[in-house]
Amino acid sequence: MNRAAEFKKIVAQYCSVAAKEMKDEMRFREDLGFSSLDFMSFLGELEDTFDVELEQESAVQVRTIGDALQMLEELAA
Amino acid sequence: MRKEYPLTAAQNMHYQWIREYKTQQVSGVSIVASLKAPLDFGLLKKCIQLEIQRYGCMRLRFTKPDEKGEIRQYLIKHDARDIPLKDMSGMSLAEADDVMQNWAYQTLDGDNRPMCEVVMVKLPEGFNGFFVHMDHRLIDSCGLVVMVNDLMSLYTHYRFGAEYPADLADFESVLTNDLQKANNEKRFAKDKKFWDDQLDALGEPLYSDIQGPSVLEEARKKHKNPKLRAADIERKQLFVAVKDYILEPEPTKGLIDFCMNHQLSMTNLLLLGIRTYLSKVNNGQEDITIENFISRRSTHDEWTSGGSRTIMFPCRTVITPDTEFLAAAYEIQNVQNRIYMHSNYDPALIREEMKKRYGTPEDTTYESCYLTYQPMPVHVDNPFLQNIEMHSKWFANGAATKKMYLTVSHTPEGGMNFSYHYQTACLTEKDMELLYYYMMRILFTGISRPDIKIGELMEIV
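As they're listed, the protein sequences go chains A and B.
Under my numbering, the first residue of the first sequence carries the number 1, and numbering increases by one thereafter.
Under my numbering, the first residue of the second sequence carries the number 78, and numbering increases by one thereafter.
Worth flagging that the hints you see were computed from the coordinates, not collected in a lab.
Computed cross-link-like contacts, DSS-like style, restricted to lysine-lysine with a CA-CA straight-line distance of at most 30 Å:
1. B:K301 with B:K357
2. A:K9 with B:K263
3. B:K432 with B:K263
4. B:K258 with A:K9
5. B:K269 with A:K8
6. A:K8 with B:K263
Just a sample of chain B residues kept apart from chain A, beta carbon distances all over 12 Å, derived:
7. D143
8. E144
9. I153
10. D164
11. S166
12. N226
13. A278
14. R297
15. E311
16. K313
17. F335
18. P391
19. D399
20. L462
21. F495
Treat the numbers as computed from the prediction; the structure is a model and nothing was measured.
Positions of the beta carbon are idealized from the N, C-alpha and C atoms, including for glycine.
Start from the sequences and build out the full structure, keeping to the hints where you can.
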């Protein structure tokens, strides 16, 4: 499974949108219904799954699926 | 051979309280859910038995403590127990509540035994339903609400032909996953670093009491240490009283709108209300710590697996009097967000670290207030039962491990319920009245003037 697919599979565990229906412009809070706790737990899970170290200050600024995927790609590069 | 598992950090928190306070009563959680409608009790019994099968946590048991006092948990495959029916229809609702309150005080003692009791109840005024009494190591309040809804969905399926409820997540799989996460060394190191860094930056916390600085002064005298920063915990007289205050829908909307307009969570606004009160009654103390409970339910599986996932972490902030109200709220939110990311950590390790660093005396604490915010309403969310009046109630277990424990929840009418559980050995209803009064004054002054300085706010309320 590629990184984007695995990423969306994780997001899908936190919301009611299926991975295949996710679009880059979808916002975590407004469109996917993430609470602060959900979002921060999700960031922790990204770190553990992809073995990356998120810069918390910038990670909390992430708004959309596209932003998060881009952040992940940059960290994994 | 049965599979046994160690306790998770959340379960261990309750187990340690049972050991420290020497009674299982501190770990009891009870609820009654009833509808103003005739129920088919034969069918309800079948649904409860089915629920015990579906919701694995209800079949959880604990082993006898080993030589170190540690216990393990395991699931039994089937629990085909009978479900008794208690007819209290001849009483008043208040009398029936008293009977159930006494059930909630009962302890589930011993090992290798069911830690969950269910009784079907015929209540006065035409209400019928069931009472559940469980050990908190099996379930938390969110888990209980999920269970009540699932049970009612089973009932409406068999009674009215509603759709069969979706499967609940497997308790054992989620437990295994949690234990694996707890054993992830990299994650553990990151979490430990976060909590250690906080102590490195801020030093030893400082106790703040609802009743003002005299409590810490007393502890300083007792321990013959004028620099002591922690105060004593009441270990013997654990009786807890409950005082509820309802905030009406209109002002509640004001708080909700403020949170929405400023992208704040209600928990953080409430934390600001409590910490400002504590600061006010403790001569403007800037360094305040409040224990905040976190539900740790985010994924679908975490929501529907049952289990005890709620865990408390210290929310410590140092807020100066020249900080504006809104800025202070964001400061708390920032701290809380970081805590959420590290909420897989075992909070017992934070206390252990503090004890190691500062030599905190046994049976003392840095916190007097505990907060739980429950955004999840306690009502049966079932279209087949929508127009039926409901009587549901949480029952206090009667033994507090905490001096003051505030649970804030939403009422069906759109208001908020502030439920103060307080140890009667130390606090009175008057203390709770003052706390609620000032919390409201602080919150409503703050949301109407978000740029007001905290120092000025403390003076004018």
